[in-house]
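Engineer: Sequence:
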Amino acid sequence: MFNNKSVLITGGTGSFGKHFVKLLLTDYRPRRIVIFSRDELKQFEMQQVFNLPCMRYFLGDVRDKERLVQAMQGIDYVIHAAALKQVPAAEYNPMECIKTNIQGADNVIHTALANRVQKVIALSTDKAANPINLYGATKLVSDKLFVAANNIAGGYPTRFSVVRYGNVVGSRGSVLPYFQQLIRDGQKTLPVTDARMTRFWITLDEGVAFVNQSFKRMQGGEIFVPKIPSVRIVDLVASLGKDLQIKYVGIRPGEKLHEIMCPADEAHRVLEFGDHYVITPSIQLTNPVDCHRNALGECGEAVNDGFEYNSSNNSYFLSVKEIENLNGHVL
Numbered sequence: 063m064f065n066n067k068s069v070l071i072t073g074g075t076g077s078f079g080k081h082f083v084k085l086l087l088t089d090y091r092p093r094r095i096v097i098f099s100r101d102e103l104k105q106f107e108m109q110q111v112f113n114l115p116c117m118r119y120f121l122g123d124v125r126d127k128e129r130l131v132q133a134m135q136g137i138d139y140v141i142h143a144a145a146l147k148q149v150p151a152a153e154y155n156p157m158e159c160i161k162t163n164i165q166g167a168d169n170v171i172h173t174a175l176a177n178r179v180q181k182v183i184a185l186s187t188d189k190a191a192n193p194i195n196l197y198g199a200t201k202l203v204s205d206k207l208f209v210a211a212n213n214i215a216g217g218y219p220t221r222f223s224v225v226r227y228g229n230v231v232g233s234r235g236s237v238l239p240y241f242q243q244l245i246r247d248g249q250k251t252l253p254v255t256d257a258r259m260t261r262f263w264i265t266l267d268e269g270v271a272f273v274n275q276s277f278k279r280m281q282g283g284e285i286f287v288p289k290i291p292s293v294r295i296v297d298l299v300a301s302l303g304k305d306l307q308i309k310y311v312g313i314r315p316g317e318k319l320h321e322i323m324c325p326a327d328e329a330h331r332v333l334e335f336g337d338h339y340v341i342t343p344s345i346q347l348t349n350p351v352d353c354h355r356n357a358l359g360e361c362g363e364a365v366n367d368g369f370e371y372n373s374s375n376n377s378y379f380l381s382v383k384e385i386e387n388l389n390g391h392v393l
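Here the sequence shown is numbered in the working numbering, starting from 63 and rising by one per residue.
FYI, nobody ran anything at the bench for these hints, they're computed from the structure. Hints are supplied without guarantee of correctness; some may be wrong.
The calculated lysine-lysine pairs, modelled on DSBU-like cross-linking and capped at a C-alpha distance of 35 Å, are [said to hold, decoys possible]:
#1 161 / 104
#2 289 / 278
#3 289 / 304
#4 84 / 383
#5 80 / 304
#6 206 / 127
#7 289 / 67
#8 383 / 309
#9 67 / 250
#10 278 / 161
The model shown is predicted, which means the values in this text are computed figures rather than measured ones.
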């Protein structure tokens, strides 16, 4: 679907952006790929790897609507990946997080409408479900903005959807590379917040493939949630070496023991498909669609009352050996 099309990725120098560009260049023949981000060094480094004629690099911040308007001219598809994501940093710098994650999302929406973009997918997080930290709260607001944007579109062709998933294995700022660096520095004891902690686990390749497929499935207003395994944090440590010890340091500000992607309170709006769930809009859309059947013709069924997709009650937990194999694959 991306052949001879123009794609813009906000926050495109991040782990997701680089992997999605690799997919675009490998599987498609895009007319133009625009990387929109604010870090000139990361853009320079990315240009050393991805320097084909179709590549464009725009310095800019999603807080700057005027710059977004310039960058999005002639764009067919947008992936909104730009966000402030560190939970403790957001707790201590709340307005900065709000400006990027909420106001920036609103800017992306109105710029996409002004430029008559065909489809927009915003990347979300499990922390947006029943949020207890500011980062999750801002992403929940962002999710609501993108779903409601389908009503704002009116006669415009632009459609908006959201992809929500959990921790990305090996992505910049995640716990796995942090642990790996401590081990390389000679540490034999790793800091763990709580022995009970669980997380959803997805690789970058899986996340990229799911977003790619969601573009094909979307009709507008859906929140797509992949079916992915969970890990226990103590099993993650065990997978990194038998001689490692654990020091429990307590839960950080705004952190949960377990993450949720489909809350029980929204079970009446959740549809189950073969490899994913869809959370349908909570509001009536001007141009309603039947989410039970997606654009690829795949059919979903309503889940049971009280259903909750939680990292602690997941039917699939990775074993220590599976985590160890996954670590070797992504690092």
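Engineer: Would you mind marking each hint as holding or not holding in the structure?
Structural biologist: Each hint, compared with the structure:
{"no.": "1", "hint": "161 / 104", "verdict": "holds (22 Å)"}
{"no.": "2", "hint": "289 / 278", "verdict": "holds (18 Å)"}
{"no.": "3", "hint": "289 / 304", "verdict": "holds (30 Å)"}
{"no.": "4", "hint": "84 / 383", "verdict": "holds (29 Å)"}
{"no.": "5", "hint": "80 / 304", "verdict": "holds (33 Å)"}
{"no.": "6", "hint": "206 / 127", "verdict": "holds (19 Å)"}
{"no.": "7", "hint": "289 / 67", "verdict": "holds (29 Å)"}
{"no.": "8", "hint": "383 / 309", "verdict": "holds (22 Å)"}
{"no.": "9", "hint": "67 / 250", "verdict": "violated (50 Å)"}
{"no.": "10", "hint": "278 / 161", "verdict": "holds (30 Å)"}
Checked against the numbered hints above, the structure violates only hint 9.
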